[in-house]
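Residue numbers (full-length UniProt numbering), protein chains in the order written: chain A, 1 to 234; chain B, 1 to 234.
Just so you know, not all the hints are guaranteed correct.
To be verified - Computed Cβ-Cβ distance ranges for the label pairs, DEER-style:
#1 A/Pro67 <-> B/Arg72: 28 to 38 Å
#2 A/Asp186 <-> B/Tyr71: 55 to 65 Å
#3 B/Glu223 <-> A/Asp109: 31 to 41 Å
#4 A/Asp215 <-> B/Asp174: 42 to 52 Å
#5 A/Arg126 <-> B/Ala184: 30 to 40 Å
#6 A/Asp186 <-> B/Val55: 39 to 49 Å
#7 A/Arg129 <-> B/Asp94: 26 to 36 Å
#8 B/Ala69 <-> A/Ala48: 30 to 40 Å
#9 B/Asp52 <-> A/Pro110: 39 to 49 Å
#10 A/Asp109 <-> B/Ala98: 45 to 55 Å
#11 B/Glu217 <-> A/Val66: 38 to 48 Å
What the hints assert, rightly or not - Here chain B is said to cover these stretches of chain A; the calculated rule only asks that three of the stretch's residues, wherever they fall, bring their Cβ under 8 Å from a Cβ of chain B:
#12 186-193
#13 204-213
Said to hold, decoys possible - Over 10 Å on every C-beta distance to chain A, these chain B residues come out as not near it, computed from the model:
#14 Pro30
#15 Val34
#16 Arg35
#17 Ala48
#18 Phe74
#19 Glu79
#20 Asp94
#21 Gly118
#22 Glu131
#23 Gly200
#24 Ala202
#25 Gly208
#26 Pro209
#27 Thr216
The hints are simulated quantities; they were obtained by calculation from the structure and are not laboratory data. Computed from a predicted structure; not experimentally measured. For each residue, glycine too, the CB sits at the ideal point set by N, CA and C.
Number of protein chains: 2
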Amino acid sequence: MARPDAENASDQLASEQPASDQPPPGRRRPRGAVRAGLIAAGVELARAGGPDAVVLREATRLVGVVPNAAYRHFADRDELLAAVCAAAMAELGDRMAAGVAQVSGERDDPDAAFLRLGAIGTAYLRFAREEPGLFATAFAVPQQHPYIAPTAPAQDAAPAVDRSPLGQLRAALDDLVTAGVLDAADRPGVEYPIWSGVHGLAVLTGQGPLRDLDDTERARLEELLLVFIAKGLE
Amino acid sequence: MARPDAENASDQLASEQPASDQPPPGRRRPRGAVRAGLIAAGVELARAGGPDAVVLREATRLVGVVPNAAYRHFADRDELLAAVCAAAMAELGDRMAAGVAQVSGERDDPDAAFLRLGAIGTAYLRFAREEPGLFATAFAVPQQHPYIAPTAPAQDAAPAVDRSPLGQLRAALDDLVTAGVLDAADRPGVEYPIWSGVHGLAVLTGQGPLRDLDDTERARLEELLLVFIAKGLE
DNA sequence: TCCCTTGGTGTACGGCGTCCACATTGTTAT
DNA sequence: ATAACAATGTGGACGCCGTACACCAAGGGA
Numbered sequence: 001m002a003r004p005d006a007e008n009a010s011d012q013l014a015s016e017q018p019a020s021d022q023p024p025p026g027r028r029r030p031r032g033a034v035r036a037g038l039i040a041a042g043v044e045l046a047r048a049g050g051p052d053a054v055v056l057r058e059a060t061r062l063v064g065v066v067p068n069a070a071y072r073h074f075a076d077r078d079e080l081l082a083a084v085c086a087a088a089m090a091e092l093g094d095r096m097a098a099g100v101a102q103v104s105g106e107r108d109d110p111d112a113a114f115l116r117l118g119a120i121g122t123a124y125l126r127f128a129r130e131e132p133g134l135f136a137t138a139f140a141v142p143q144q145h146p147y148i149a150p151t152a153p154a155q156d157a158a159p160a161v162d163r164s165p166l167g168q169l170r171a172a173l174d175d176l177v178t179a180g181v182l183d184a185a186d187r188p189g190v191e192y193p194i195w196s197g198v199h200g201l202a203v204l205t206g207q208g209p210l211r212d213l214d215d216t217e218r219a220r221l222e223e224l225l226l227v228f229i230a231k232g233l234e
Numbered sequence: 001m002a003r004p005d006a007e008n009a010s011d012q013l014a015s016e017q018p019a020s021d022q023p024p025p026g027r028r029r030p031r032g033a034v035r036a037g038l039i040a041a042g043v044e045l046a047r048a049g050g051p052d053a054v055v056l057r058e059a060t061r062l063v064g065v066v067p068n069a070a071y072r073h074f075a076d077r078d079e080l081l082a083a084v085c086a087a088a089m090a091e092l093g094d095r096m097a098a099g100v101a102q103v104s105g106e107r108d109d110p111d112a113a114f115l116r117l118g119a120i121g122t123a124y125l126r127f128a129r130e131e132p133g134l135f136a137t138a139f140a141v142p143q144q145h146p147y148i149a150p151t152a153p154a155q156d157a158a159p160a161v162d163r164s165p166l167g168q169l170r171a172a173l174d175d176l177v178t179a180g181v182l183d184a185a186d187r188p189g190v191e192y193p194i195w196s197g198v199h200g201l202a203v204l205t206g207q208g209p210l211r212d213l214d215d216t217e218r219a220r221l222e223e224l225l226l227v228f229i230a231k232g233l234e
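Go ahead and model the full structure; you've got the sequences and the hints to work with.
Right, dumping it as structure tokens:
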């Protein structure tokens, strides 16, 4: 559910130039290439200008196809936007995972667990700072996040750990409990205040009233927030 | 600065019907009525559908005037939207002020000071819940919030207390310090983590991935957040 | 072989933001 | 009072956008 159909979408645009070789009257492109290309083009548009910049006609232009072709793959512009949002959300999840993976230490090591939580928040804020368009797009269409624990895991042996932002935050907090840092009684629901704080700062400093802060001020606010959160966890 | 030009804008739409009396070829409306009407119409559009629903042509239609007339009062649609955003932000400020005014108690009474802080957060979240369109619009265009203390107060005797959301939050926190609840050493900058938390929850549950929560779940998250913040303040 | 699904094309419509030229008014200077 | 002027509403037009309808070319079963 985290990435419905954006597997190979974000990686190759359809050569930027409108299919520079010959424009074939019939369709010759491999199966699914147009759909993936539209999503990839939409991601680039979103990266540059946020969700409003995901213009259906412009995406088809980038892929080198006529506007109506998009309607063979998406019911309307909103459906394309939803796919782009899913891709953006997946990229946020990936960056967060990369951030926590960079922290060494055992799973039940208290210090490491705390560092992982910090890495999650930092990666989230970093993504919002470095990719404001994608960040705004990721939350522009709420494609039914599984805020409640996902239903029974798939048949696969590995339940394919939840790479969604909320899922990763939960995992970090659970580790904090098993490591003995966080009292189990305080665990239920803490993810929401923490998520709210990090997300709120990202929004306020990204697109909100605090957007014009310079880098040092912004860094100070991030530091302030993480300290506040740590204090809230004892 | 809190409400640049929306003083009398939000209160009377130009009679809804396109100026039902006679449509005069020249202009007969009182000075500034069209501008105020456009802002009021924009506010209603924003209330119903958020910032994207503030459509210039539709606003002129509601006022009963031809689309181009808007360009006598606003450089472009973005300028109209900015005025609407300012009005929405002012309404948020008013509701917050009304919320704190409802709390009785002396200014240096610790309990009352704490209740005022809670009232601020509650009013903020309530506005986001009851007026999602206006809330989203208020933050859609960041018309340079004074996040740093505003410059020297006007010549007026009363410095016209800062009714902006951030200003009111700061006042409440300052009261918490003078009341002895909050250590002065912890005061500098606390407004930002707190604002972030409240704003983040408002966004996540309003337009974000948590939008489909029912009322009780939502109330639980708000409670959780306020408790977390209180804990962060000791 | 036929046909039917898949997916790209062309044309067209209405809505939007915006520009230009024009008309009318209220105000100000003569 | 009258003439000039700034302010403000009107009409028409342009280009872009999302989208609907009709058409048509490939390609894989039956």
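> Beyond 10 Å from every Cβ of chain A: is that where the Cβ of B/Gly200 lies?
Replying inline: 3 Å, violated
>> Just to be sure I understand the hint, the distance between the Cβ atoms of A/Asp186 and B/Val55 should be within 39 to 49 Å; is that true here?
In response: 48 Å, holds
>> A cut-off of 10 Å on Cβ-Cβ distance, and B/Arg35 was said to be off the interface with chain A. Does that hold?
In response: 24 Å, holds
>> Quick check for students: does the CB of B/Pro30 sit more than 10 Å from each CB in chain A?
In response: At roughly 34 Å from the nearest Cβ of chain A, B/Pro30 sits farther out than 10 Å, so the non-interface label holds.
> Once the closest CB in chain A is found, is it more than 10 Å from B/Gly118?
Replying inline: Since the minimum Cβ distance to chain A is about 15 Å, B/Gly118 lies beyond 10 Å and the statement holds.
> Okay, A/Pro67 versus B/Arg72 on CB: inside 28 to 38 Å?
Replying inline: 35 Å, holds
> For the segment 186-193 of chain A, do three or more residues have a beta carbon lying closer than 8 Å to a beta carbon of chain B?
Replying inline: Check passed, 4 qualifying residues.
> Taking C-beta pairs only, is B/Thr216 more than 10 Å away from all of chain A?
Replying inline: 13 Å, holds
>> If I claimed the Cβ atoms of B/Asp52 and A/Pro110 lie 39 to 49 Å apart, would that claim hold in this structure?
In response: 47 Å, holds
>> The hint says 42 to 52 Å between A/Asp215 and B/Asp174; measuring C-beta to C-beta, is that right?
In response: The hint (42 to 52 Å, Cβ to Cβ) is violated, given that A/Asp215 and B/Asp174 are roughly 28 Å apart.
> Is the distance from the Cβ of A/Arg126 to the Cβ of B/Ala184 consistent with 30 to 40 Å?
Replying inline: 32 Å, holds
> Holds or violated: 38 to 48 Å for the Cβ distance of B/Glu217 and A/Val66?
Replying inline: 46 Å, holds
The structure does not agree with the numbered hints 4, 23, 24, 25, 26 stated previously, though it agrees with the rest.
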